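Fit chain F to the known structure of chain G by using the hints.
Number of protein chains: 2
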Amino acid sequence: MDCRAHQIFSGKEDNYGGVVVNLMEMEPTTAQDFESKLDVSLAPWKVQGKRGIWIKLSSQLSSLVDSAIKRGFTYHHAENEYVVLTSWISESPSTIPANASHRIGIGAFVLNKSRDVLLPTVISTTGEDIWTGAVGEVEEETCIKTKFVEVLAFRERHQSFFERKSSVFFFCELEASNFEIKKQDSEILDAIRLLKVFKEYVNQPFNQKKEMLRFMANICLKRSHGKENYAGFSTVLTKNSAAKESYLYCSVDHADILNGKCDQACTSFFTTLFHKCFCFT
Amino acid sequence: MDCRAHQIFSGKEDNYGGVVVNLMEMEPTTAQDFESKLDVSLAPWKVQGKRGIWIKLSSQLSSLVDSAIKRGFTYHHAENEYVVLTSWISESPSTIPANASHRIGIGAFVLNKSRDVLLPTVISTTGEDIWTGAVGEVEEETCIKTKFVEVLAFRERHQSFFERKSSVFFFCELEASNFEIKKQDSEILDAIRLLKVFKEYVNQPFNQKKEMLRFMANICLKRSHGKENYAGFSTVLTKNSAAKESYLYCSVDHADILNGKCDQACTSFFTTLFHKCFCFT
Numbered sequence: 001m002d003c004r005a006h007q008i009f010s011g012k013e014d015n016y017g018g019v020v021v022n023l024m025e026m027e028p029t030t031a032q033d034f035e036s037k038l039d040v041s042l043a044p045w046k047v048q049g050k051r052g053i054w055i056k057l058s059s060q061l062s063s064l065v066d067s068a069i070k071r072g073f074t075y076h077h078a079e080n081e082y083v084v085l086t087s088w089i090s091e092s093p094s095t096i097p098a099n100a101s102h103r104i105g106i107g108a109f110v111l112n113k114s115r116d117v118l119l120p121t122v123i124s125t126t127g128e129d130i131w132t133g134a135v136g137e138v139e140e141e142t143c144i145k146t147k148f149v150e151v152l153a154f155r156e157r158h159q160s161f162f163e164r165k166s167s168v169f170f171f172c173e174l175e176a177s178n179f180e181i182k183k184q185d186s187e188i189l190d191a192i193r194l195l196k197v198f199k200e201y202v203n204q205p206f207n208q209k210k211e212m213l214r215f216m217a218n219i220c221l222k223r224s225h226g227k228e229n230y231a232g233f234s235t236v237l238t239k240n241s242a243a244k245e246s247y248l249y250c251s252v253d254h255a256d257i258l259n260g261k262c263d264q265a266c267t268s269f270f271t272t273l274f275h276k277c278f279c280f281t
Numbered sequence: 001m002d003c004r005a006h007q008i009f010s011g012k013e014d015n016y017g018g019v020v021v022n023l024m025e026m027e028p029t030t031a032q033d034f035e036s037k038l039d040v041s042l043a044p045w046k047v048q049g050k051r052g053i054w055i056k057l058s059s060q061l062s063s064l065v066d067s068a069i070k071r072g073f074t075y076h077h078a079e080n081e082y083v084v085l086t087s088w089i090s091e092s093p094s095t096i097p098a099n100a101s102h103r104i105g106i107g108a109f110v111l112n113k114s115r116d117v118l119l120p121t122v123i124s125t126t127g128e129d130i131w132t133g134a135v136g137e138v139e140e141e142t143c144i145k146t147k148f149v150e151v152l153a154f155r156e157r158h159q160s161f162f163e164r165k166s167s168v169f170f171f172c173e174l175e176a177s178n179f180e181i182k183k184q185d186s187e188i189l190d191a192i193r194l195l196k197v198f199k200e201y202v203n204q205p206f207n208q209k210k211e212m213l214r215f216m217a218n219i220c221l222k223r224s225h226g227k228e229n230y231a232g233f234s235t236v237l238t239k240n241s242a243a244k245e246s247y248l249y250c251s252v253d254h255a256d257i258l259n260g261k262c263d264q265a266c267t268s269f270f271t272t273l274f275h276k277c278f279c280f281t
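Chains G and F are the protein sequences, given in the same order.
If you count the first sequence from 1, position 68 lands on 68 in UniProt numbering, and the numbers rise without skipping.
If you count the second sequence from 1, position 139 lands on 139 in UniProt numbering, and the numbers rise without skipping.
Note that these hints are calculated values from the structure, not bench results.
Here the structure is a predicted model, which means the values were calculated and not measured.
Treat the hints with care, since some could be wrong.
Which copy is meant is left open, because identical chains are indistinguishable; a pair holds if it fits in one copy or across any two.
[Stated by the list, open to error] Computed list of lysine-lysine pairs in DSS-like fashion (alpha-carbon distance at most 30 Å, straight line):
| # | residue 1 | residue 2 |
| --- | --- | --- |
| 1 | K147 | K222 |
| 2 | K222 | K244 |
| 3 | K37 | K70 |
| 4 | K239 | K227 |
| 5 | K50 | K12 |
| 6 | K12 | K46 |
| 7 | K113 | K145 |
| 8 | K222 | K239 |
Bound-form chain G, shown alone:
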């Protein structure tokens, strides 16, 4: 049995000369054992020219955070059940990637087919696509079934939460696919309450001074007069080479074309593009 193997953390090498040590499953250990194992691990990584070292510590191992920091690690990011610390052990400038910086908000307003505004609402979502998040939340809150129409605008704001974090707020139009509101009293009451709250909100003198709110409202008005008055971005489902799906949001006319004939009209594009690229000499 090779005792030495037990003294070194087994790390997974990443594509950037880094080593990721995942200790989510590790049994609690003493600070002393952890520190000596870390020291023994760091030495060969340095010799091998490794650069960024990542340690992921489960909540159960919180007593070891202090040890990692004493060994030159700094916090990188944290989620409920773990904290990730990093150390850049190379002489070259650090290229440790940034933490998540933004939160996504969605403002949805719901029109029916006669272009009446049924409901403006504000949604916060994580991990869901913008368009599915909007549709899902509106149904959950109001029982109105909708389909996503377009992202009409978005707004980026900095230092908007947790001191240094930013947000992007996507302002979407949804269309009520049927105009029936289920007759459960509580749900109708909720929908009406939302409208009242919003009405009171925008009517406050304080909010009347907010340009952004006026601009959004102005776009909303334009759309209520017909889609042809204002062009937003619509979704195109795409897949990468590993068949993982994601959505492109692009000009609505173009989205219609792409959705209609995904694999045409792109052929021999690159030849043209890169001919143009090299025209600047």
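Frame of chain G; chain F shown alone:
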């Protein structure tokens, strides 16, 4: 002197029934002292009906992380120099807000006034506006001065980094305000290298299979044939009531109107909107 005052953490109340305990400036203390002070603090907060308790611990206080977790706190988020832990001490369901979930990427392609594609490039930015980030990075990397034209499309992707984080990639057009590239050899070489790398990249059979890349390239081609062929989103500078600036990105025609006459065309909007809102009864 009131000894008891020294045994309770002074927290700042937030607007959601929470208490934020900022320990960035606290001198290192023993785990025992920290734990007893935390226990003494938590008791009255519970009695007062406080709900979310936030503790921000500097890196210097990493030895106390374990104590907070033992007292029922969980990690919330972390930045290089601190970690933030939270505990929901109310019986009501937790409304602790989510951590930042997204990172913003920018793809910029630069056209000159004759609509030749000079340069496609990919930029990562934090804390800067999308449009200034694009312009600044292109100048830094290539010495080409540009002005921001439009966001042409964006793509949202989930589980794109750190396992559970998402990204939004904004695809922008920039216009070279002059067509001179400074004559420092290294910078020209860099610009050419970027083009070559990109050309090689998209020509790989692997990448030819990526729909997204083809879609983006297709939009790029349309734009190179004239702005009128594809409509993106342009910027409108807005201020909130505290005069804090942020950018709205909206349909380019509408942005021109809003930029031209910010305070007109919005008046009496809300009357109309909320008349329409209540038409669904």
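Okay, the hints, checked on the actual structure:
Within a single copy, K147 and K222 get their C-alpha atoms as close as 19 Å, and across copies as close as 28 Å, so both meet the 30 Å cut-off. Taking the closest pair of Cα atoms, K222 and K244 come within 30 Å of each other only across two copies (26 Å); inside a single copy the shortest separation is 36 Å, beyond that limit. Taking the shortest Cα distances, K37 and K70 sit within 30 Å of each other both inside one copy (14 Å) and across copies (25 Å). Taking the closest pair of Cα atoms, K239 and K227 come within 30 Å of each other both inside a single copy (29 Å) and across two copies (27 Å).
Taking CA atoms no more than 30 Å apart as the test, K50 paired with K12 passes inside one copy only; the shortest distance there is 12 Å, against 43 Å between copies. Within a single copy, K12 and K46 get their C-alpha atoms as close as 15 Å, which meets the 30 Å cut-off; across copies the closest is 44 Å, which misses it. Only within a single protomer do K113 and K145 lie at most 30 Å apart by alpha-carbon distance; the minimum there is 13 Å, versus 46 Å between protomers. Taking identical chains as interchangeable, the C-alpha atoms of K222 and K239 lie at most 30 Å apart only when they sit on different chains, with a minimum of 22 Å there against 34 Å within one chain.
Violated hints for the displayed structure: none, as all numbered hints are satisfied.
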